[in-house]
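Following the hints, put chain S in place on chain W, whose structure we already have.
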Amino acid sequence: MESKVLKPILAVYVGLFILFLYGPFIVLGILSFQQGPEGGPQFPILSWSTYWYQHLFGLTPPSRIAPLPVGEALVRSLTLAFMTMVTATVLGVMAAQAFRKRFRGAGVVFYLIVLGMMVPGVLTGLGTSLLANNVVGIERHWWSTAFLAHVVYTFPFAFLVMLAILNRFDGSVEEASWSLGVSPITTFRKVTFPLIFPGVLSAMLFAFTLSFDEFPRTLFASGRDQTLPLAIYGTFSVEIHPNIFAFGVMTTLFSFALLSVYGILMGLSVRRAKKMAMQEDIA
Amino acid sequence: MSAASTNRQKTNTFRLLAPGVVWMILFLVAPIMMIVYVSFWTQTTFAINSTLTLDSWRNFFASEAYVGALWTTIRLWLIVLTLTFVIGYPAALYVGLLVKSKTVSTVLLVLCVIPFWTSFLIRVLAWRPMLGKEGAINIILQKVGLIDTPIEVLLFSELSVIIGMTQIYVVFMVGPIAFMLGRIDRNIIEAARDLGAGFGRIFWKIIFPLSLPGVVVGAIFVSVMVLGEFATSGALSGRKVNLLGNIIVTQVGSLKWAMASVVGVILTILLGIVVAGFLRIVDLKREI
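Residue numbers (our numbering), protein chains in the order written: chain W, 648 to 930; chain S, 163 to 450.
Extracted from the complex, chain W is given alone in its bound form:
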């Protein structure tokens, strides 16, 4: 009875809530079509144009507004995200695999790993650069010190995803394989891995996107070569122009492309699993 009243009210509320989440982004999207180069990053829209998108790709005649330094930064960020993804996922799968058996000190190891996602980036970044500067005495780079810090951050996510997957995993298929004399490594490759593959994909997706967008750790731990978030941060202190909004729209589209690839791979692996199950039924 009360919930009859409550439910519609909350439905409206959730609508407003989602508007709150999307509002700034809608405004950003609209303003990215501001006229250029005179139009500023605010209303009103002088006239609609794709000037700032062309500006982003260097297709406009030179003006007083410098193009965003995104080209090289994008390559660096993609490389770093890829390195991080591979390392974090391998570490995550291994650690989660170990957690399937009980062992002493499991609690401590669990919290040690999870700590990586809980400690704020400012602290890991600061600590890593202190160690590099004052103890090891090496220069900081995005591919060295920042990479180490990125894995510290993303490995726990990969670990937790794999833990959730392996918790629901039926171990009897592995035992069957072992009892037939197949070596543990081959069993993992041929039996376990195909079954946990959807989880591995999710772990990879997490690690890649988190690293690609990582900012505080990179700010401290990388040297003078900028990654993409650092390049964006650099524009904060100076006057902002709608080109950064156009860039925001582009990165979001890129994320969706990535998400689609993930969705397609996921769909394929689910379909293959179904097919295999059907073949088993027939046999």
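Since the hints were derived computationally from the structure, they do not count as laboratory data.
Distance windows between CB atoms, simulated:
id : chain 1 : residue 1 : chain 2 : residue 2 : range
1  : W       : LYS748    : S       : THR213    : 45 to 55 Å
2  : S       : LEU374    : W       : GLU786    : 43 to 53 Å
3  : S       : ALA209    : W       : GLY818    : 51 to 61 Å
These figures come from a predicted structure and were not determined experimentally.
The beta-carbon is built from N, C-alpha and C at its ideal position, and this holds for glycine as well.
Relative to the frame of chain W, chain S by itself:
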């Protein structure tokens, strides 16, 4: 199981865990220890050396600006935490419990997560054209006729930082709460209703207590992120709001590593107290 196979299993576990554990000790635990150690180093104009001293600590507590940053951090954290809870709980209640169809609930959750596919920094920056003097909110309010002159306090103030942080972090509160609410056995609620309990009573006696672990997890997420923040306050306050994170960034920028470390240690202690406090409310290990 034979002794040999137990042993083999042990080495196996060890081999699987060693790389990850070593990585975390070298690149997470050691750096944090390093922050503690360097906070006692001697700072000269452009360098630090390992002569131990309490100077930086004294300077921190002697400076009004630094101690002020500590209080600002705590105040903003409490405000944002309260707001994410107050704004997030009703949304979670709807998504996790009231929506009957699993599909609708999943779609709503996905809708909440989609904004995270935009760069964090761009999401922060997007608040500028929203809140500015000629921003969307002021224009809409003026068109509707609610105000005559634009509200200036919306941007480059503590308020804009609070609005920005609440929007960015509220989903971390909604997610865990909705998850816990989704796990509640509907039969319990049904039974309570059959016994004549009103919605208020059902909420306070059944729903809220069962969702508490979700609230705690959400609160930990939000707290950890807000306490370590510096980008939102930097971008939306026009340097008026200085959090501990902002102090660390400026100190590192001027090569004052020792002072940055002192602030880092204080931040770590603050985080430790907050997280430990939340974990006392609910035993998470038992819940998961």
